[in-house]
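Based on the sequences and whatever the hints tell you, model everything.
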Amino acid sequence: MKLAFEDRVLVAVVYFFLILLAFVTFYPFWNSAVISFNEGTDTSMGGITFWPREFTLENYRVVAGDVRIIKGFGVSIARTVVGTFCTIAMTSLLAYGMSRRELIGRGYYMTFCVITMYFGGGLIPTYLLIRALGLMDSFWVFIIPSMVSVWSMIIFRTFFKEIPAGLEDAARIDGCGYWGTFLRVVLPLSGPVIATLSLFTAVAHWNDWFVASIYINNENLLPVQAILKRTLDSNIVSEIDTAAQSHVLRTQKSFTTKSLTMATMMVITIPIVLVYPFLQRYFVKGVLVGSLKE
Amino acid sequence: MVLPALALVLVFSYFPMYGVLIAFQDYSVFKGMSASPWVGFKHFEDFFRSPELFVVMRNTLVISMLKLCVGFPAPIVLALALNEVKNMLFKRVVQTISYLPYFLSWVIVANFTISMLSTDNGSFNIFLQWLGLIDEPVSWLSQENYFWAIIVSANVWKDIGFSSIVYLAAIAGIDPALYESAAIDGASRFRMMYLITLPCIMPVVIIFLILAIGNLLNAGFEDLLLFGVNPALRDVSDVLDTFVYRMGINLGRFSFATAVGLFKAVVSVALLVGANRLARRTGNSLW
Numbered sequence: 001m002k003l004a005f006e007d008r009v010l011v012a013v014v015y016f017f018l019i020l021l022a023f024v025t026f027y028p029f030w031n032s033a034v035i036s037f038n039e040g041t042d043t044s045m046g047g048i049t050f051w052p053r054e055f056t057l058e059n060y061r062v063v064a065g066d067v068r069i070i071k072g073f074g075v076s077i078a079r080t081v082v083g084t085f086c087t088i089a090m091t092s093l094l095a096y097g098m099s100r101r102e103l104i105g106r107g108y109y110m111t112f113c114v115i116t117m118y119f120g121g122g123l124i125p126t127y128l129l130i131r132a133l134g135l136m137d138s139f140w141v142f143i144i145p146s147m148v149s150v151w152s153m154i155i156f157r158t159f160f161k162e163i164p165a166g167l168e169d170a171a172r173i174d175g176c177g178y179w180g181t182f183l184r185v186v187l188p189l190s191g192p193v194i195a196t197l198s199l200f201t202a203v204a205h206w207n208d209w210f211v212a213s214i215y216i217n218n219e220n221l222l223p224v225q226a227i228l229k230r231t232l233d234s235n236i237v238s239e240i241d242t243a244a245q246s247h248v249l250r251t252q253k254s255f256t257t258k259s260l261t262m263a264t265m266m267v268i269t270i271p272i273v274l275v276y277p278f279l280q281r282y283f284v285k286g287v288l289v290g291s292l293k294e
Numbered sequence: 001m002v003l004p005a006l007a008l009v010l011v012f013s014y015f016p017m018y019g020v021l022i023a024f025q026d027y028s029v030f031k032g033m034s035a036s037p038w039v040g041f042k043h044f045e046d047f048f049r050s051p052e053l054f055v056v057m058r059n060t061l062v063i064s065m066l067k068l069c070v071g072f073p074a075p076i077v078l079a080l081a082l083n084e085v086k087n088m089l090f091k092r093v094v095q096t097i098s099y100l101p102y103f104l105s106w107v108i109v110a111n112f113t114i115s116m117l118s119t120d121n122g123s124f125n126i127f128l129q130w131l132g133l134i135d136e137p138v139s140w141l142s143q144e145n146y147f148w149a150i151i152v153s154a155n156v157w158k159d160i161g162f163s164s165i166v167y168l169a170a171i172a173g174i175d176p177a178l179y180e181s182a183a184i185d186g187a188s189r190f191r192m193m194y195l196i197t198l199p200c201i202m203p204v205v206i207i208f209l210i211l212a213i214g215n216l217l218n219a220g221f222e223d224l225l226l227f228g229v230n231p232a233l234r235d236v237s238d239v240l241d242t243f244v245y246r247m248g249i250n251l252g253r254f255s256f257a258t259a260v261g262l263f264k265a266v267v268s269v270a271l272l273v274g275a276n277r278l279a280r281r282t283g284n285s286l287w
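Residue numbers (full-length UniProt numbering), protein chains in the order written: chain A, 1 to 294; chain B, 1 to 287.
Check each hint, because a few of them may be wrong.
As the list claims (entries may be wrong) - Which bits of chain B does chain A cover? Going by a derived footprint, with three or more residues having C-beta under 8 Å, they are:
#, region
1, 42–49
2, 97–111
3, 215–229
4, 261–269
No wet-lab data here; the hints were simulated from the structure.
For each residue, glycine too, the CB sits at the ideal point set by N, CA and C.
In structure tokens form, the structure reads like this:
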């Protein structure tokens, strides 16, 4: 099809804008990866953009040998696996109950849950509650308070309602109770929703640093994001300090910190980069369902 | 089957709501809520008289307004642009890349930002020098003037792709016959975008805009906490949420911080209810 001049200008502008956006979005990843593969002191000379100048795997070797970071990864993986499992189990169970017509007072329960999406006690009362419950410095502070997600519950419930009632009736006639129906009929049919909501839950667990930063003092329980946060603080402060100092005064140490930070970041980011494109199709649907609150 | 989950909601969502009452007490950790003395609105008065009030409120409003003015239209523009792309492979690649930052933690995004803007190796400085716009690397992060621009850009960078999903879905729902008849009438692509696509997604846009108004006091928390680490930038980075955090968690002034938090919550709820009333007039509402 031949395009009019005005249309060609529009298409050109659109492509230019999108390519620019994709570049600006992708470049920080690329650049960080490049820095993580570049020799630390060489990086300090500056000017690393698209390709490493002195290729090395040394940064990754150091990260892999750092006990704190290894422990951090252990904590992150443990909380992501346990946390995601617990949240999905608890939330889907709630949603299944809420999707049943025979549940007495389900309208009230729904209101009870939805209110918490808009109102909350805020940071300090929550903090005092967690403290009073003795969850400070405990692994369970990562798991228990976030076990019910109302947003996920709404998506689950919408999905469960779509499951043909006949299937559940058939299970009932074959002698399944609610638990049996839920475990053997409803859950196996819910693959896509479970995958999507697990992705969101897992990403939230994997990315969290705030819960750890306020409730955890024990070094051994810090997830890797919280450890990275500490290097971030020192980098921000050093960035601001160096502005006041001359170039000569900067220490060698902060430069190698940079390479190591980049390597750590890459290792944290890569699981997400690898998983999410496969789930894109599902989560797009999930977001749309989630935006319709009754 | 629903009881364990409801119990959790009760404990972790409703109990803190009750805990808000400490805003009206001189709460002491040792005495607990039942034994701490009631002091009425003392902490609210303290906040309204405090010298930080002006700075914190200004920062909160300015940052959230900037996020609204830049961050709100950006995904709409992206959705409109993606809609013009007929090459499916290109479209999918751009979309996949643009969603990605949404899944990164703020810690990572902040690290990226610092890396891009740093004076010793920052690509942004290298790029500007290459263009000849600056002679010496600029220390963007150490200066108050640039802070708001940086925080808003980082937010747009993180969320633009993901936020565009809803608008793309709205665009996908437009009746193709509208475009066909416009094409027969000889309308250009730009006119179609302006006269068909945009009006058709307006209801969705309005709903989201109204919701954003309810969020006006949420200038952001994690991002500001991470970017505003340095006390030197506090004059531009301290917002209501970070102020509550600093007063409560760092300084242990629990009652005062809860009072500030409650003030914020009450104003936010008022904004939300008001916004919802507006939304009802447009035929779409939250409840």
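Structure-based check of each hint:
| no. | hint | verdict |
| --- | --- | --- |
| 1 | 42–49 | violated (count 0) |
| 2 | 97–111 | holds (count 13) |
| 3 | 215–229 | holds (count 5) |
| 4 | 261–269 | holds (count 5) |
In this structure, only the earlier hint numbered 1 is contradicted, and the remaining ones agree with it.
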